[in-house]
Amino acid sequence: MSIGTLAPPLEVAAAARLAEGSRVWRKLVRNPAALAGAVVLVLVIGAAVFAPWVAPQDPARQSLIRRFTPPIWAEGGKSAHVLGTDQVGRDILSRIVYGARVSLLVGVAAVAVSLTVGVTLGLLAGFLHGRVDTVITTVVDVWLSFPQLLLALAFVAALGPSPTTIIVVLGLTGWERYTRVVRAEVLALREKDFVEAARAMGASAARTILRHLLPNTFSSIIVLSTLQVAQAILQEAALSFLGVGSGSAYPTWGQMIALGRDFVSVAWWLSTFPGLAILVTVLAINLIGDRLRDALDPRVG
Amino acid sequence: MLTLLIRRVVRLAVVLVGVTLITFSILHVSGDPVSLMMPEAPEADRVALRAAMGFNDALPVQFMRFLGNTAMGNFGQSFFHRAPALPLVLERMPTTLLLSMCAMGLSLALAIPLGIITAIRRASFIDYGATAVVFFGTSMPVFWTGIMLILLFAVQLRVLPVSGWESWASLVLPTITLATFSTPLLLRIVRSSMLDVINLDYVRTARAKGVSEWLVICRHALINAALPLVTVAGLQFGLLLTGAIITETVFAVPGMGRLIVSAIRQLDFPIVQAGVFVFAMIIVIVNFTVDLLYIYLNPQIRVR
Chain A
449 MSIGTLAPPL EVAAAARLAE GSRVWRKLVR NPAALAGAVV LVLVIGAAVF
499 APWVAPQDPA RQSLIRRFTP PIWAEGGKSA HVLGTDQVGR DILSRIVYGA
549 RVSLLVGVAA VAVSLTVGVT LGLLAGFLHG RVDTVITTVV DVWLSFPQLL
599 LALAFVAALG PSPTTIIVVL GLTGWERYTR VVRAEVLALR EKDFVEAARA
649 MGASAARTIL RHLLPNTFSS IIVLSTLQVA QAILQEAALS FLGVGSGSAY
699 PTWGQMIALG RDFVSVAWWL STFPGLAILV TVLAINLIGD RLRDALDPRV
749 G
Chain B
4 MLTLLIRRVV RLAVVLVGVT LITFSILHVS GDPVSLMMPE APEADRVALR
54 AAMGFNDALP VQFMRFLGNT AMGNFGQSFF HRAPALPLVL ERMPTTLLLS
104 MCAMGLSLAL AIPLGIITAI RRASFIDYGA TAVVFFGTSM PVFWTGIMLI
154 LLFAVQLRVL PVSGWESWAS LVLPTITLAT FSTPLLLRIV RSSMLDVINL
204 DYVRTARAKG VSEWLVICRH ALINAALPLV TVAGLQFGLL LTGAIITETV
254 FAVPGMGRLI VSAIRQLDFP IVQAGVFVFA MIIVIVNFTV DLLYIYLNPQ
304 IRVR
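Sequence order for the protein chains is A and B. Using our numbering, read the first sequence as starting at 449 and increasing by one per residue. Using our numbering, read the second sequence as starting at 4 and increasing by one per residue.
It should be emphasised that the hints constitute simulated quantities derived from the structure, not laboratory data. Accuracy of the hints is not assured; some may be wrong.
Unchecked claim - In silico contact screen, one side only, chain B against chain A (beta carbon under 8 Å); selected entries: (1) 30; (2) 138; (3) 144; (4) 295.
Note that the structure is predicted; figures quoted are calculated from it, not measured. Every residue gets a Cβ at the ideal spot worked out from N, C-alpha and C, and that includes glycine.
From just these sequences and the hints, can you work out the full model?
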């Protein structure tokens, strides 16, 4: 209490935020689907982080005598290769475990890029109004006129595939959703009394945006980001599948499915399991995102 | 209404220039288009090509030339096919549109009745079932769905062809694949736009007057739910085309999507630019039509 009169309101605000946080958390945990999603996601993240310890084999080790080993429960399966081996004898399960690294890393990093670009433009469009708003919404219109994946594919090919290129290009295909959501929220917020009051008390434009407008868009941004990570993982897989993968040392899930496509009539397990890995991961994130939306913010479409 | 129309047309023109700019930038984003087009050529050839293609001019000059060429439909010669790029893309357009329309038709046939039923019978068994289908459908990679369908119907049951484009049977699996991608998106929109109108006063009034339930749904609720449905369906069209591009690649369907994906692998940039531009044009035209339809369907604007 030594700071005097300012302290109590701040503490009240902090307490309120804490209460809000635990309310959201309780809502999230009470939903069995979201809880299952959270458990699955923790397992996937764990597998990605501790891949060298989790993976039963070296994902790059080839063995021609072991090629096309079926999964353990099928006829001819071996206990060393739970999910079987691919056309050059590499262990599928180990490759999936290592593949989680690329998927999660690219997914999260791409969303960080779109978040930064999209939120900045959304704040500017909503706050500055007028010409700036017209220009930004026109750019969004133009951007939405392309099949996003095709544009990403073309730019990755032009820039040369590398993890950084994939992250930046995927990040730049998803930014406009943030811009649309944040712009709409700021347009509604800027008419509110507390914004007027801040302006009247002499707050600069930058301070008004960063201290008063931005924090009020956080819940929408969190919900949107969760769902966008799921989208980015699907898009990264599609890019690898179409042949412009990240060029990284690790196998990717999309690349594994693409390789399996050529052997679909002789070895069904090549494409099936990496696809299931994508499905389970993306489903888990979508379930969490959907619950978060219900708990935090019903407005984000 | 006229000023609104004029404003829409002006926006259309601005968007078209923007689309051309982004198409232009595909070749120039790396800084040196020549090393992109011929990575292993000796320096003398590069200098010659740079001069022949006009890459030495200032970028704005190059863009104005590109804009002019685009307006004339000239995207240059395909390196790989040794023929003008745009006709190569356009002659494959009917295939892509046929696939997209079949999938869209199948999706609508599933999504509209299901969306209505799940909106009326909220929290019922069928509603939960549909929600689960939506979650799975939006979490599955399209290309994987396609391969799983090949595995089931072409490899195990041997009832449908694996890939290619010879008969009507080859259309079945690509259509189902694309529809599993687009149906969940549409189903979600139909359900939520029905939920928005179904409890409004005029619907309740119609019920109170003794109008049969079936008529209430079709005549009163569905017509008013159509407006948001049309708008969002138009916005989702780009997603449908993305799905079509991937589906064509999985099933070796000879459409625009497959042409462009292989052109990207071969670094055949005239085809890539022509293809990206054509896809964007389709989306722009669809969205413009939706805009006009919205003006026409919305009595609040039409009367003014």
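_Interface hint compliance - residue 30/B to chain A, C-beta minimum distance less than 8 Å_ = Constraint on residue 30/B satisfied, holds at 7 Å.
Legend entry - Satisfaction of the residue 295/B interface hint, Cβ to chain A closer than 8 Å: Status violated, d = 16 Å.
- request: Using Cβ atoms only, decide whether residue 144/B comes closer than 8 Å to chain A, and label the hint accordingly.
  value: This hint holds: residue 144/B lies near chain A, its Cβ roughly 5 Å from the closest one there, short of 8 Å.
Q) Can residue 138/B be said to touch chain A, with a Cβ gap under 8 Å? A) Interface hint status for residue 138/B: holds (6 Å vs cutoff 8 Å).
This entry does not satisfy hint 4, going by the numbered hints stated previously; all others are met.
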